[in-house]
Amino acid sequence: MNKVNMIKVFVFWLFFSFISGFGYCDEPGKTGNKKGQAAPVDGPYVLYDKAGRVRVIRVDKNGKLRDKVLDKIPKNFSLDVVSQKGNHRFRVKLHPIERPAWKTGQREKTLVISDPHGDLESFISVLRNNGVIGKRYEWTYGKNEVIVIGDIFDRGKDVLPIFWLMYKLEEEAREAGGAMVFMLGNHEEMVLRGNLKYTRDKYKNLAKQLGVEYTDLWHEDSELGRWLRTRNLIQIVGDNLFVHAGLSNEFTGLGTPVEVVNEEVGKSIFLSKKERQALSALSDSIYRDRGPFWFRGMVKDDPKYRPVTAEDVDRILARYGVKRIFVGHTIFDDVTPFFDGKVVAVNVNNEKNRLAGKGRGILIEGGRLYLIFDKGEPVRFAFVENQVTSYIRLRRVASYKLPALG
Numbered sequence: 043m044n045k046v047n048m049i050k051v052f053v054f055w056l057f058f059s060f061i062s063g064f065g066y067c068d069e070p071g072k073t074g075n076k077k078g079q080a081a082p083v084d085g086p087y088v089l090y091d092k093a094g095r096v097r098v099i100r101v102d103k104n105g106k107l108r109d110k111v112l113d114k115i116p117k118n119f120s121l122d123v124v125s126q127k128g129n130h131r132f133r134v135k136l137h138p139i140e141r142p143a144w145k146t147g148q149r150e151k152t153l154v155i156s157d158p159h160g161d162l163e164s165f166i167s168v169l170r171n172n173g174v175i176g177k178r179y180e181w182t183y184g185k186n187e188v189i190v191i192g193d194i195f196d197r198g199k200d201v202l203p204i205f206w207l208m209y210k211l212e213e214e215a216r217e218a219g220g221a222m223v224f225m226l227g228n229h230e231e232m233v234l235r236g237n238l239k240y241t242r243d244k245y246k247n248l249a250k251q252l253g254v255e256y257t258d259l260w261h262e263d264s265e266l267g268r269w270l271r272t273r274n275l276i277q278i279v280g281d282n283l284f285v286h287a288g289l290s291n292e293f294t295g296l297g298t299p300v301e302v303v304n305e306e307v308g309k310s311i312f313l314s315k316k317e318r319q320a321l322s323a324l325s326d327s328i329y330r331d332r333g334p335f336w337f338r339g340m341v342k343d344d345p346k347y348r349p350v351t352a353e354d355v356d357r358i359l360a361r362y363g364v365k366r367i368f369v370g371h372t373i374f375d376d377v378t379p380f381f382d383g384k385v386v387a388v389n390v391n392n393e394k395n396r397l398a399g400k401g402r403g404i405l406i407e408g409g410r411l412y413l414i415f416d417k418g419e420p421v422r423f424a425f426v427e428n429q430v431t432s433y434i435r436l437r438r439v440a441s442y443k444l445p446a447l448g
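In this note's numbering, the protein residues as written are 43 to 448.
Calculated from the structure, these hints are not laboratory results. Using N, Cα and C, we set each Cβ at its ideal position, and we do this for glycine too. Some clues are possibly wrong.
Simulated restraints, written as ranges between beta carbons of each label pair [as the list claims (entries may be wrong)]:
1) LEU397 / TYR240: 43 to 51 Å
2) GLY176 / LYS250: 34 to 42 Å
3) GLY399 / LEU321: 39 to 47 Å
4) ALA143 / GLU180: 17 to 25 Å
5) ARG133 / ARG422: 34 to 42 Å
Construct the entire structure; sequences and hints are all you get.
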């Protein structure tokens, strides 16, 4: 933790000691909302101080602030997690945190989705329909795997419940021989450096009430902060690569090994833009618009995105020893293939597609791809681009010189 963040954390705990004397405190606080209005459900946030004390902050279903400090974590300690509407509730036990392996073999089934953005209803819906979790929010996917390609933060009302459900399922999957993998997205890097442009007021209002910055609730000595610091940006499973936004010629041309990229993100994810730039040239490149958090040029053909060509894609695939790249970040009406299925974009409008019965992600099974839904069985995924769409894309990439259509 850098010096500035250490000072902020110290002030955060000093503020709490002023209002509570570091005793055990579970008294309702004022919500900061208009008189008679309950604050939206939020939390829990779990933070640690240098003395080993644990602070748990949440806003309950009645809109009351609950804030307590424990000298140590009790045996069989668990967190009560409740959704905004109160219709989803589960308990979470804290567990040891480790960075997932960046490269693993292909399991019998791998389910791929992205960008939940606080929409717990849609997140639970697609997991349940595809056999990942049961009625009690427990892992039921056996030795199989789920990969979520970033972006739990922002937009939705249930950011914390999704984070905690991911955290919970990760441990349950591990115990069953499976894997629940969350990867970092651009909204994680934004929020953790203090850019709250897309963050709902309910989260910012809680921080304001506590007299801190919202990022102080996610610092490196918080449970979810520690967990996020160990998430990967690039992941390879079998012959498939997963990355939030995409891989550009500029970034892949650096030749940096995947494990080094992931470790550098762990060192820099909590830093400001200037601090990231000062840390290293690699750190600077990771967070730029042609870095893996932001690059749209694998799925967008506008020249401003510096779109890749088919030859570029083949070269990038060879560079990482894979046959296909899955991305999130850029939203489409449905799961969309590019470059004859060598690139697959899985980010959709989750609520809209859930209600309309459209695609929500991909299932990889037996070397084949299947489109998954909120109801019904997976359907074989056809990855031949519409010829006209493909032609227009090629026309707009400068390296292609094609005759006029027709």
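Against the structure, the hints:
| no. | hint | in the structure |
| --- | --- | --- |
| 1 | LEU397 / TYR240: 43 to 51 Å | violated, 22 Å |
| 2 | GLY176 / LYS250: 34 to 42 Å | holds, 38 Å |
| 3 | GLY399 / LEU321: 39 to 47 Å | holds, 46 Å |
| 4 | ALA143 / GLU180: 17 to 25 Å | holds, 24 Å |
| 5 | ARG133 / ARG422: 34 to 42 Å | holds, 38 Å |
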